[in-house]
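Let the hints inform the model, and build the full structure from the sequences given.
For the record, the sequence lines run as chains A and B.
Its first residue numbered 1, the first sequence is counted upward by one per residue in this note's numbering.
Its first residue numbered 1, the second sequence is counted upward by one per residue in this note's numbering.
Careful, some of the hints might be misleading.
With a straight-line cut-off of 35 Å between C-alpha atoms, the simulated DSBU-like cross-links for lysine-lysine are [said to hold, decoys possible]:
id, chain 1, residue 1, chain 2, residue 2
1, A, Lys140, B, Lys47
2, A, Lys72, A, Lys140
3, B, Lys105, A, Lys51
4, B, Lys105, A, Lys72
5, B, Lys37, A, Lys72
6, B, Lys105, A, Lys74
7, A, Lys140, B, Lys133
8, A, Lys140, B, Lys105
9, B, Lys50, A, Lys140
10, A, Lys74, B, Lys37
11, B, Lys133, B, Lys122
12, A, Lys140, B, Lys128
13, A, Lys98, A, Lys74
14, B, Lys122, A, Lys140
15, B, Lys37, A, Lys51
Sample of chain B residues lacking proximity to chain A, with all beta carbon distances greater than 12 Å (derived) [unchecked claim]:
id, residue
16, Leu6
17, Thr90
18, Met103
Coverage of chain A stretches by chain B, computed from C-beta distances (three or more under 8 Å per stretch; other residues unrestricted) [claimed, not checked]:
id, region
19, 53–64
20, 72–79
21, 106–120
Calculated directly from the structure, the hints in this document are not laboratory data.
Just so we're clear, the structure is a prediction, and the values are computed from it rather than from any experiment.
Ideal Cβ placement from N, Cα and C applies to all residues, glycine included.
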Amino acid sequence: MANDSSDFARSMAIATSGLRAQAGRMRVISENIANADSTSQTSGGDPYRRKVPTFSSALDRTLDAQVVTLGKIKPDQSNFRVKYEPNNPAADATGNVKYPNVNSVVEMTDMRDAQRSYEANLNIISATRRMIQRTLDILKS
Amino acid sequence: MSINDLPVLSALRTKMQWHQERQRVLSENVSNSDTPKFRPRDLVEPKLDKSGAVTGSMGPLAMTVTSASHMTPSGAASSFDQNKNAGFETRPAGNAVNLEEEMMKAASNQMDYAAATSLYSKSLHLLKTAIGKG
Chain A
1 MANDSSDFAR SMAIATSGLR AQAGRMRVIS ENIANADSTS QTSGGDPYRR
51 KVPTFSSALD RTLDAQVVTL GKIKPDQSNF RVKYEPNNPA ADATGNVKYP
101 NVNSVVEMTD MRDAQRSYEA NLNIISATRR MIQRTLDILK S
Chain B
1 MSINDLPVLS ALRTKMQWHQ ERQRVLSENV SNSDTPKFRP RDLVEPKLDK
51 SGAVTGSMGP LAMTVTSASH MTPSGAASSF DQNKNAGFET RPAGNAVNLE
101 EEMMKAASNQ MDYAAATSLY SKSLHLLKTA IGKG
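Laid out in structure tokens, this is it:
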């Protein structure tokens with residue numbers, strides 16, 4: 001087991017891994033939102049496919065603690081939206097254009113969720129910092 | 001007799017260590033608040049006797065090493081009892097972390113730690129007064 005005195009440092013490192021994972025999730029979400037209307041360049045081709053971030057809990061051996069990591073970013077297998085736009089260059093022979101399977105409402109709720117989790121991790125860091133400060137205050141008295 | 005052998009100081013030190021370790025456990029819970037199948041954990045509060053030693057709780061059982069070539073298990077080994085009953089609200093993904101509850105726990109942990117540290121420095125101050133340096 002790691003040295004007891006580094007427990008606060010470990011708390012901070014664990015919370016930092018949470019921050020990193022949520023920031024990565026935010027990046028994927030912003031990619032989805034930015035590409036909400038990206039159609040294919042070729043006629044009848046597939047447009048942008050929504051990406052879903054995954055999280056996994058892993059044991060960090062240097063920290064000796066369970067940290068969170070952003071796992072594989074997987075494609076969402078749901079169906080594309082189809083619109084009838086015969087004049088669109090991306091339209092297939094029947095005049096239908098495939099649009100990405102991105103739902104902006106879902107992305108927005110996901111974004112709020114990521115934001116909340118990020119703030120929770122930040123709170124843990126500031127709480128831990130206050131606790132370290134209290135420990136140092138013993139020396140001052 | 002060293003200064004740390006005083007019952008008050010040793011009890012407070014154990015309590016501070018417990019808060020430190022609990023902070024780590026809570027931080028694990030919060031950072032894994034979106035990990036599928038993750039179950040939150042918590043620590044059981046230590047009971048201290050008059051001499052400041054921990055009583056009434058059985059520490060985690062250590063793994064027995066039956067051969068010198070065995071490796072000791074790595075992982076979040078804790079010197080305090082774990083409370084496995086934490087978390088009752090499980091989401092469809094199998095994650096049982098309740099962020100609000102964890103934040104409340106972190107806040108109370110921080111406040112209790114602040115109380116323990118001020119008691120510790122007060123006790124030190126008392127000692128200083130006793131030896132005529134206060």
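| query | Where does the structure disagree with the numbered hints, that is, which hint numbers, in rising order? | reply | Violated: hints 2, 18 and 20.
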